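Undergrad: Below are the chains, spelled out letter by letter.
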Amino acid sequence: MSPLDLLVATPLGFMLAALAFGGQGRWLILVASPLMMSLAVWLVFLPPDAAHVVGGWDLPLGILLRGDGVARVFVLGAALCAALVGLQALYEFSPQSGGPSARNRGFWPLFYLMWAGANAGFLTTDLFNLYVALEMVSLAGVGLSALGSLQAALRYFLFALMGSLAYLLGVALLFANYGTVDITLLARTAEADAATLMALAVMTGGLLVKSALFPLHGWLPPAHAAAPAPASALLSAIVVKLGFVILMRLWFEAFATLAAPIAVGLLGALGAAAVIYGSIQAMRQRQLKALVAYSTVAQVGYLFVAFPLVAAAPSAAWSGMTLHAVAHMLAKAAMFLAAGLMLKAAPGRDIADLVGLARVMPVTVTAFALAAISLMGLPPSGGFAAKFMLLDAALDQGAYIYAAVLLGGGLMAAVYLFRPIAVAFSGAHGRAVALKAPLAAVAPLALAMCAIALGFFGVAFAELAAIGAPWAQGDAIGGVP
Amino acid sequence: MSAAFDILLCLMILATAGIALFVRGAFAAIAFFIAFGNLLGLAWLALGAVNVALAEIAVGAGVTGVALILACSRLFELGDNLADVRTPLASRLGSAALCLGFTVMLAGVVLTIPPGDRLSKVVAPLLPGLGIENPVTGVLLAFRGYDTLLETFVLLGALVAAWSLTPDASRRLPPTTMVMTDPTSRIVAEAFTRLLAPAALIIAAYLVWVGSDLPGGAFQAGAVLAGALVVATLGGVVVLPRLDSLAARIALMVGPLTFLAIGLAGAALGGRFLAYPDGLEKTLIVTIEYALAISIAAGLALLAIGPPQPMPNNARADAR
Amino acid sequence: MNALVPLLLMFLPLIAAVISFALPERLAVWRNAFNILFAFVKLLLIGYLLREVEAGRSVEWRYEFLPGHDFLLRVDSLALLFVTLSVFLWLITTIYAIAYFGRGPNLARFFGFFNLCVLAATGVAISGTAITFFLFYELLTLATWPLIVHRGDEKSLRAGRIYLTYTLAGSAALLAGILWLKALVGPIEFTVPPDLGEVSPIALTLIFILCVGGLGVKAALVPFHGWLPEAMAAPAPVSALLHAVAVVKAGAFGIVRIIYDVYGVDTVAALNLGLPLAALASVTILYGSLRALMQSDLKRRLAYSTVSQVSYIILGASLVGPYAVIGGLVHLVHQGVMKITLFMCAGALANRMGIKTIADINGAGRSMPVTMFAFTIAALGMIGFPPLAGFISKWYLGTGGLQSGAPWVVAVLAASSLLNAAYFLPLIFRAWLLPRTAGTTVREFASAEDWMLVLPAAVTAALCVAVGVMAAWAFSPLGWATRIAETGYLQ
Amino acid sequence: MLVEGGHVFAVTGAVLAGLGFYSFLVKRHPIRQLLAANVVGAGVFLMLGGLGRSPGGADPFAQALVITGIVIAVALSALGAAMVVRLAACGDKDEAPLGEKREGP
Amino acid sequence: MGPEFLAVLQILSLALLAAGVLFYVAGSVGLLRFPDAPSRLHALTKADNVGLGLVSLAAAIYWGEPAIAAKIALVWLFAIISSGMTAQLLARAAPVADGSGSPAEYERESGT
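Residue numbers (my numbering), protein chains in the order written: chain A, 1 to 481; chain D, 1 to 320; chain V, 1 to 491; chain L, 1 to 105; chain F, 1 to 112.
Hints are computed from structural coordinates only; laboratory data are not their basis. Being a predicted model, the structure only gives us computed values, none of them experimental. For each residue, glycine too, the CB sits at the ideal point set by N, CA and C. Any given hint could be a false lead.
[To be verified] Computed beta-carbon distance windows for the label pairs:
(1) A:266 / F:29: 56 to 64 Å
(2) A:260 / D:88: 58 to 66 Å
(3) V:63 / D:250: 56 to 64 Å
(4) F:22 / D:280: 37 to 45 Å
(5) F:28 / D:191: 27 to 35 Å
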């Protein structure tokens, strides 16, 4: 009985239970959240080299589940996110909240499927298993965004399908070339021949679609903006992260030796372009959820700006990158939940309709503001700690462009995130009506507080993220000596 | 001699695929897609992968073909004439160049990799331990059991996602009733089903049983059963239950549930998740396979037919 | 035990903020009581700290905040000067705010953020490392923004927008500067000046410009002062808080830290950065006074006067002479005391008599004699009338300028004093000697709460006088500033 | 030069993937794109199978991967088809984000 | 069972195979040449089934074991049934060449 298995088996069990109970399936979250949180915490406190092969079948045949730093940090973040989003969904998808019952019934199995897929993806080191996990998460993502707008969901579906096929092509090439699909084995045997480079290129392309990096982000804003609040919270927080984690494993572990600085630089450049494009688009949005969706595009850009920084100085920027991902996970989930609640109370879906909300629903607006503080990277939030570490690493390496992008991105985020807050603070009496269920605002507030609290535990987080990190085992990362 | 056959077969595959992708009419495209699927099955036979050939023809060509044809017929009735809007020449040329380059590079890279089996020498010695001879079933159900477990949940998730699209209006309706509208055709279909159904059941049961030693297995058997179910609904012999009816849900969940339960039991009895206690491997694998076959049959059938729709023919079927 | 005091100094305002946020409007009385109580307890803590630092025992609390960076709260003499000023004036502003607002909407939110501002200001004062300073410096922006947009009307929202644009851009520059310096010499701790020996002068100059630029935004140096007059849209207690104590002084205090604790006076001189900064400060002094002269609105005039007054501190800090340092530091306190009196009086006048522009102030002396009397004292102090507070700091600044070989400083001080007189004396003249113009309604000491509105201004006015007269006393701000200058910076 | 048996199928797979990807980019109707995606998938699997060919028969591990891939592909295709039909049936008009607005005033 | 007997069997299966292929070709030609759907169906079902029969017979002979022969016969049986069924359904639904676009009018059984 190790959390490495239970973290995937339990949500699958809950999915079946939710499907079995049908209408009453939503109350399961009250059992699932604490259980999953305790499993995630148990995983964090496992001994550093905790890893085992599923079913006892050894590599290269079996699948290795490994609780390294990245896995622990992301599983904990995902557990926190999903648990609290689930509580919010309890209110959102209850029968009296309106909306077709098929939707209410369909949400929960997909929610648990995504949770299981995310955990499976974070914990495994097997590329084909990652493909199946990716499919679980994308499928659930498509299903959840279909609860909002079908048009956007179909577009997301086609993008995701092509992304998965590209990824699968890469896995096929690697298996044909090396006879194994396990990252730890590949890390030892990979050399820069044509097949490996082609596989890496194709897989990276597929995964960039999955993590919605700038040129391939087309599917994200419409899907996230139209989906109901808990769904878009999960989409932005968890779905986007799995693609990124796989890229981290590929570029910094499996093919660390052949990640040429030009290629990593290209990813960094795409990341910088994403930050700028996402921020400018977010500034132009009239609707609140579209603004939050484009902010995801920008924040994903930050993660890829960190790629060249980690390639050059892994020990410095590694925890910054992971902290930024987790802080974004928590803050974005909080923001989407808060935005959902605010839009329920506001007369329309535009930012201009949020007039006077700060007085009507102070707790939700506070949650939105705290999440915004973390996304902007203002102290004392987790976002600030991450941006600080990345900026620190960038200036140490003399990468002034990336430093400028990090600072500029923060400022641009301030511009577009303060706009809704300012409108909410404006006192002119808007036609907002108070929400019946004040308890609903607890989930976003708790998530936002976690994002802020991350700011104070930077050191503990860095140590946790560094467990079993590829660069910790001595070999320098990336082509740069 | 067989090389010539391989090359001929590959050319036919490429031809049917080309037509399927670029022919103007939607129905023609799908017809050729099904032909393409069958030819692929032959290719897998030529490669000596009988399991995959079965799966490709039954699931790849069969179920996907049925799903696409049904989707197209409903789109026609909804007035979407599946017209092929011409994309501007510039973007067509651009993507042509891109794909050509991609294909040439991929083909080049593929040629650098010497074909040869990779892990069969690793799999072979472990099989006797499981008490099964068919290596593919061994890999699917034991060594990579974790993948297969997750994959069955993907199937279940796809079904839930498809069914969560139904608007409340058509909640009460069973999956789009597929009964033939023309009475005499229905009799023909009904007669055919009465003949086919028992044979399909026997074949499916045989496939699952033989799967542990000879090519076969849960997925192939499930696909055969799904085919039988679809034909049965065509003939009106069987009315597929709604997803929220208990029968459907039990049938869908029995596979993943048994797999998960046995996996957890393995972990609980001191071993590890998905580790079969030695001595019991074969029996456990076969029970899992039978459960999976049922779930896959129900899943694929419901998926192929699609969620209930406020459909004109739905209404008409009810009217009579 | 000593390590807990700075932590307590941090947690008190945090708890007060949470209580203020939590208590509903109908329990306003309890909220006000809590606020005053907590302010008073802070004052006691400051008393204890004064004794500790006087006895030479170091008071600090260290926690590794980020890998390689420490979160350090250390109370040294310079920090104590600013903390004492801010905590004392905070108690007074709290009382004043309670009276000023009475029963308005959103007050729970106001006092919550009000306390967060206290937390940020004290944090800025007692931060020991550059990262801690930056953290509180940024928190100050976040805590003051809701106060500016408190009324929620279009004017205050616009003011909030402008305020954010300036301050966030400034803090981005400051962060870049700090981290760049950290990349060159490692994490910066204030009282352990890093050896900037082998660092290239160009980099040092650029970093200096970045840091002083970032801090200059809050210290309202000329090109970045735009947000200050706009922030007048905020209610009076906020303007008093912003100008006299929190935001503006944080910027000036930061520049003092950079010049003395990070670079060291001799490095600044070696890089000959001192003079351009002094020149910029002088330009701000004159420009601020000139613009104040042209304002018709009372609060905007006071705002521009603040723009010029804060640059006295920067002027003092940038000159090398010992007296200039003392002058700069002591003006930090004196300007605070005087400006808060002016703003509280202006607020009282506006609140009670609806006096907004200069013309309205005619005859205010008869209607609200105590307020106007306090206003007059503070105004005279600003002009530099001996023996009031302003005179002492100008006197020291002048002698400091002469010591460091910059006679033009005296000319600047003289010119600015003249300008101060030009825009303050007409006010006093109108208030006392001209008959009241029609259209202003006044409640002459109608209810008890008026004493709460007027008393704070009277106390601070008395302080202006006391600080001037008892300057020679060891514990007076002047005495304290001299001791800081001698121990800290003039070896 | 006698191209080894596996390479014929592997190259066919590669060409199928390329063709399918081109058709995916060119064809605008989702059903045709779904079909193209299936062809790409089949191509990738054929490539994997081809490279796994040996005198003793196909590599069981590759076969297992392909079977798992095929089942996932069919699940996704069926979901895609259902979404296309559902979109055509009800369009996005009543699909105003259900979670946002409560029906009625 | 002398070697020459085996050779005769080989020749026989080859001949049957050729005949089968011949029927398939006929069916395909019919498919291309005939004007409307029902007639094409007629060509296809008739020719191809016979062709299939001959080919399976050839295969049965070629393999020689009765078990395989039985399986091949089963295959042929199912093929016949399904092609019959599909031909029926298609004929009823396919439009007749006379351009009316409506399915052929076959006599309707009463009372179904």
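Undergrad: So which of those numbered hints doesn't the model satisfy?
TA: The structure conflicts with hints 2 and 4, although it agrees with all the remaining ones.
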